[in-house]
Amino acid sequence: MALIAMLNLASPKQYGSFAGTPIDFFPFRSIVQFLTELTRLFQKCRTSGSVVITLKKYDGRTKPTPRKGHAESFEPVDNKCLVRASDGKKKISTVVTTKEVIKFQMAYSNLLRAHMDGLKKKDKKSKGKKTKATQ
Amino acid sequence: MPYFQTWEEFARAAEKLYLTDPMKVRVVLKYRHCDGNLCIKVTDNAAVSDCLQYKTDQAQDVKKIEKLHGKLMRLMVSKETHSGSMETD
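First to last, the sequence lines map onto chains A and B. Position 51 (the first sequence) corresponds to 51 in our numbering; numbering is contiguous. Position 51 (the second sequence) corresponds to 1051 in our numbering; numbering is contiguous.
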């Protein structure tokens, strides 16, 4: 009986969740790995499906939020965020810190612009947007 | 859960919501290439009225959405706690 009680305490049910799923379920990839796999997700979903990207501030906790009455021996950090991506089946995630944010953002914004190209282009009035300037 | 009609209104409301409670707010981006649309949602899970959404099928909005995404990301990793006033680069 004591063993079962121990197992219950150790289960990740109250781990806290990121967008509904337990945090410990997904090992965090490095930002490079994440970006590579995000590219693949976009490529896979070109013919059907959607790519969902979620962004959330992260305080670095790796243990479950303690229940009421228990002391929280955890120092939250202020400089991280969680980025997660999914195509409905495969899920990837990474943690970005202040030091990596510039690098990540540059690559990430290039990635988004390169792959989110299926939207309607506004070319009714191509005043200043087009590169062909007739002067 | 209403969709905003203009990008400017959405962006303002999204930043404001984030600054009210940075730890609670999440930003969700959903792109469907086959349908040619992009949807961005910012929510703090508190109430139905605090779920802000913007949908578009225009290529010109991709840059705006990506910029807002980047701005919120930078806010999340910065150590300073802003309380209302934003720096404009």
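Calculated directly from the structure, the hints in this document are not laboratory data. Among the hints, erroneous ones may be present.
Where chain A lies over chain B, by a calculated footprint (3+ residues, C-beta under 8 Å) [said to hold, decoys possible]:
{"id": "1", "region": "1003-1013"}
{"id": "2", "region": "1036-1045"}
{"id": "3", "region": "1057-1064"}
{"id": "4", "region": "1068-1075"}
Here are the simulated EDC-like cross-link-like pairs (lysine to aspartate or glutamate), alpha carbons at most 20 Å apart as the crow flies [to be verified]:
{"id": "5", "chain 1": "A", "residue 1": "Lys-120", "chain 2": "B", "residue 2": "Asp-1021"}
{"id": "6", "chain 1": "A", "residue 1": "Lys-99", "chain 2": "A", "residue 2": "Asp-117"}
{"id": "7", "chain 1": "B", "residue 1": "Lys-1071", "chain 2": "B", "residue 2": "Asp-1021"}
{"id": "8", "chain 1": "B", "residue 1": "Lys-1064", "chain 2": "A", "residue 2": "Asp-78"}
{"id": "9", "chain 1": "B", "residue 1": "Lys-1071", "chain 2": "A", "residue 2": "Asp-123"}
Predicted, not measured: the structure shown is a model, and the values here were computed from it. Where a beta carbon is used, it is the ideal one built from N, C-alpha and C, also for glycine.
Holds or violated: Lys-1071/B to Asp-123/A, with C-alpha atoms at most 20 Å apart: Given pair Lys-1071/B, Asp-123/A is violated - Cα atoms ~28 Å apart, limit 20 Å.
Is the straight-line distance between the alpha-carbon of Lys-99/A and that of Asp-117/A 20 Å or less? Violated, at about 29 Å.
20 Å Cα cutoff - pair Lys-1064/B, Asp-78/A: 26 Å, violated
Straight-line alpha-carbon gap Lys-1071/B to Asp-1021/B, limit 20 Å: Since the Cα atoms of Lys-1071/B and Asp-1021/B sit roughly 16 Å apart, the hinted pair holds (cutoff 20 Å).
Given pair status - Asp-1021/B, Lys-120/A, alpha carbons within 20 Å: This hinted pair is violated, its Cα atoms lying about 35 Å apart.
Apply the coverage criterion to the region 1068-1075 of chain B and chain A: a residue qualifies when its Cβ sits closer than 8 Å to a Cβ of the chain, and three qualifying residues are needed. Since 5 is at least three, the answer is holds.
When I compare C-beta atoms, does the region 1036-1045 of chain B have three or more residues closer than 8 Å to chain A? Our answer is that it holds, as 3 residues pass the Cβ test (under 8 Å) against chain A, meeting three.
Examine the region 1057-1064 of chain B: at least three residues should have C-beta closer than 8 Å to a C-beta of chain A. Holds: 7 residues of the region 1057-1064 of chain B have a Cβ under 8 Å from chain A.
Is the coverage entry for the region 1003-1013 of chain B by chain A consistent with the three-residue Cβ rule at 8 Å? Answer violated; 0 residues pass the 8 Å Cβ test.
Hint compliance for this structure: hints 1, 5, 6, 8 and 9 are broken, all remaining hints hold.
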